[in-house]
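Enquirer: Below are the chains, spelled out letter by letter.
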Amino acid sequence: MLNIEHLDLSFGDSKVLDDINLEVHKGEVITFIGPSGTGKTSLLRCINLLEKPDGGRITLGGDTYDYGSITKKETLDLRRKTAMVFQQYNLFKNKTVLENVMDAQIVVQKKSKAAARDKSMAELARVGLEAKADAYPHQLSGGQQQRVSIARALAVEPEVILFDEPTSALDPELVGEVLKTIGEVAGSGMTIILVTHEMSFAEDISDRVVFMDRGKVAEEGPPQQIFRHSNHARTQQFLRKFYTASH
Amino acid sequence: MFDIMTVFESFVEILKVVPKTLLLALIILVLSFMLGAAITYIQSLGIPVVKQIIGVLQSFLRGTPNVVLLYLVYYALPLVSAWFLGLFNVTLDPSSLNSTAIVIVTFSICYSVFQSEIIRGALHSLDKNQIEAAQSLGYSTTQTLRKVIIPQVMVEALPDTMNAFLIIIKALSLAFLVTVVDIFAQARLVGAQSFSYLEAFVAAALVYWGICVILTYAIDKLENRMRRGYA
Chain C
20 MLNIEHLDLS
30 FGDSKVLDDI
40 NLEVHKGEVI
50 TFIGPSGTGK
60 TSLLRCINLL
70 EKPDGGRITL
80 GGDTYDYGSI
90 TKKETLDLRR
100 KTAMVFQQYN
110 LFKNKTVLEN
120 VMDAQIVVQK
130 KSKAAARDKS
140 MAELARVGLE
150 AKADAYPHQL
160 SGGQQQRVSI
170 ARALAVEPEV
180 ILFDEPTSAL
190 DPELVGEVLK
200 TIGEVAGSGM
210 TIILVTHEMS
220 FAEDISDRVV
230 FMDRGKVAEE
240 GPPQQIFRHS
250 NHARTQQFLR
260 KFYTASH
Chain B
59 MFDIMTVFES
69 FVEILKVVPK
79 TLLLALIILV
89 LSFMLGAAIT
99 YIQSLGIPVV
109 KQIIGVLQSF
119 LRGTPNVVLL
129 YLVYYALPLV
139 SAWFLGLFNV
149 TLDPSSLNST
159 AIVIVTFSIC
169 YSVFQSEIIR
179 GALHSLDKNQ
189 IEAAQSLGYS
199 TTQTLRKVII
209 PQVMVEALPD
219 TMNAFLIIIK
229 ALSLAFLVTV
239 VDIFAQARLV
249 GAQSFSYLEA
259 FVAAALVYWG
269 ICVILTYAID
279 KLENRMRRGY
289 A
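Protein chains in written order, with the numbering used here: chain C, 20 to 266; chain B, 59 to 289.
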């Protein structure tokens, strides 16, 4: 359903992503783990072209886009098939919760106000925040804001939702509610690509885990293999460091 | 002898030019805002020589009194426009240039520099995150501008812009130097008719102050409404 071939990205002289290939099936949950600065977030941002790769191809929803020669129209087309949940929630601060969820449906998808409102209320109910529909983002906790941004992503019915370290900016006691929401989204059959440092969550939720190191895919496989039986030295080293650091 | 009735009569006379003064100030505000937006945009492109030229112009406009600029334009604009139109074989009688136009041109240029600063500050207050959120949802550049950037930048820029409006209204008192009759000029005329200058200027001060109070109140209301619940 989503297929990335030979994706390369550089910032100036430094190579950030080096020949990334990835295939994601419908309804699959893929998690990227690895040390900071290895290009996990950059890869996610290349998928919806918030970063422009130097080369490579992506196939999504039946259409193939060549990164090297992608047009403005194709960029919008590709972005409209995806949605992203950001580390800092990135809600529109001058709009209410409901407007945040509605806006893209009206502006981008040209839905009627009534249809967008119904859809938005349903998605807000799904993340348990229909009571906050008329609140402004700054009136909510970080965890609630992140759940609104998940509802905003769901509301445009994307082919895939990209989660970029969705719990990294949260106070520890708020992480749980967001992970629970992501778990429910995954359970509903949505295709998900997730970048996270929440290792046990990654192990629970993922169909496949990709360990990235220095801009390359170092190892990929089912969560049990990566987390329990990795025979890859870098993966073992990273996970060992990670567990000693956090436990 | 100070006569309160004369103050009242002058007040009524001066009120007659308030609409014209406000309109003039509004035109200048809008033009300087547009010019300021253009300056901000051009500066953001960072084109080497252009950037320096605009920098020097900004420093010149900031460092020169309005009254000097007004005279500069008053004497230079007819020459410049005659020369410019001459290029297209159109002849222009310099004396036909309207002094109101000269006031508008001068003040629009003067205040564009300040408007540019205001717009730049407002743009800085907008975080890039929201723009990325819009892009990630497939908003086009125009949609992002219209739905995300402009509504927030407008609110941020509103208090300073309205402050600039009050400054322009007051600065227009210089316009009488080139024969444009604003509030202050009208006060001089009214005072001259009956040699009751003190009463006329007291009335003028009250008119200016009244405008300031009403506008400040209206702007506060407007800003609160535009910000609605958000911080």
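Treat the hints with caution; some may be incorrect.
In the DSSO-like style, the derived pairs of lysine-lysine whose C-alpha atoms are separated by at most 27 Å in a straight line are [unchecked claim]:
{"no.": "1", "chain 1": "C", "residue 1": "K151", "chain 2": "B", "residue 2": "K205"}
{"no.": "2", "chain 1": "C", "residue 1": "K34", "chain 2": "B", "residue 2": "K186"}
{"no.": "3", "chain 1": "C", "residue 1": "K91", "chain 2": "B", "residue 2": "K186"}
{"no.": "4", "chain 1": "B", "residue 1": "K279", "chain 2": "C", "residue 2": "K151"}
{"no.": "5", "chain 1": "C", "residue 1": "K129", "chain 2": "B", "residue 2": "K205"}
{"no.": "6", "chain 1": "B", "residue 1": "K205", "chain 2": "C", "residue 2": "K132"}
{"no.": "7", "chain 1": "C", "residue 1": "K100", "chain 2": "B", "residue 2": "K279"}
{"no.": "8", "chain 1": "C", "residue 1": "K100", "chain 2": "C", "residue 2": "K132"}
Just the calculated beta-carbon pair ranges, DEER-fashion [claimed, not checked]:
{"no.": "9", "chain 1": "B", "residue 1": "S139", "chain 2": "C", "residue 2": "S33", "range": "53 to 63 Å"}
{"no.": "10", "chain 1": "B", "residue 1": "Q110", "chain 2": "C", "residue 2": "A133", "range": "31 to 41 Å"}
{"no.": "11", "chain 1": "C", "residue 1": "E93", "chain 2": "B", "residue 2": "T122", "range": "47 to 57 Å"}
Note that these hints are calculated values from the structure, not bench results. Keep in mind that this is a model prediction, so the values were computed, not measured. No residue lacks a Cβ here, since even glycine has one placed at the ideal position from N, Cα and C.
Enquirer: For each hint, tell me whether it holds in the structure or not.
Expert: Against the structure, the hints:
no. : hint                           : result
1   : C/K151 with B/K205             : holds (22 Å)
2   : C/K34 with B/K186              : holds (24 Å)
3   : C/K91 with B/K186              : holds (20 Å)
4   : B/K279 with C/K151             : holds (26 Å)
5   : C/K129 with B/K205             : holds (14 Å)
6   : B/K205 with C/K132             : holds (15 Å)
7   : C/K100 with B/K279             : violated (41 Å)
8   : C/K100 with C/K132             : holds (21 Å)
9   : B/S139 with C/S33: 53 to 63 Å  : holds (55 Å)
10  : B/Q110 with C/A133: 31 to 41 Å : violated (54 Å)
11  : C/E93 with B/T122: 47 to 57 Å  : holds (51 Å)
Of the numbered hints stated above, those contradicted by the structure are hints 7, 10, listed in ascending order.
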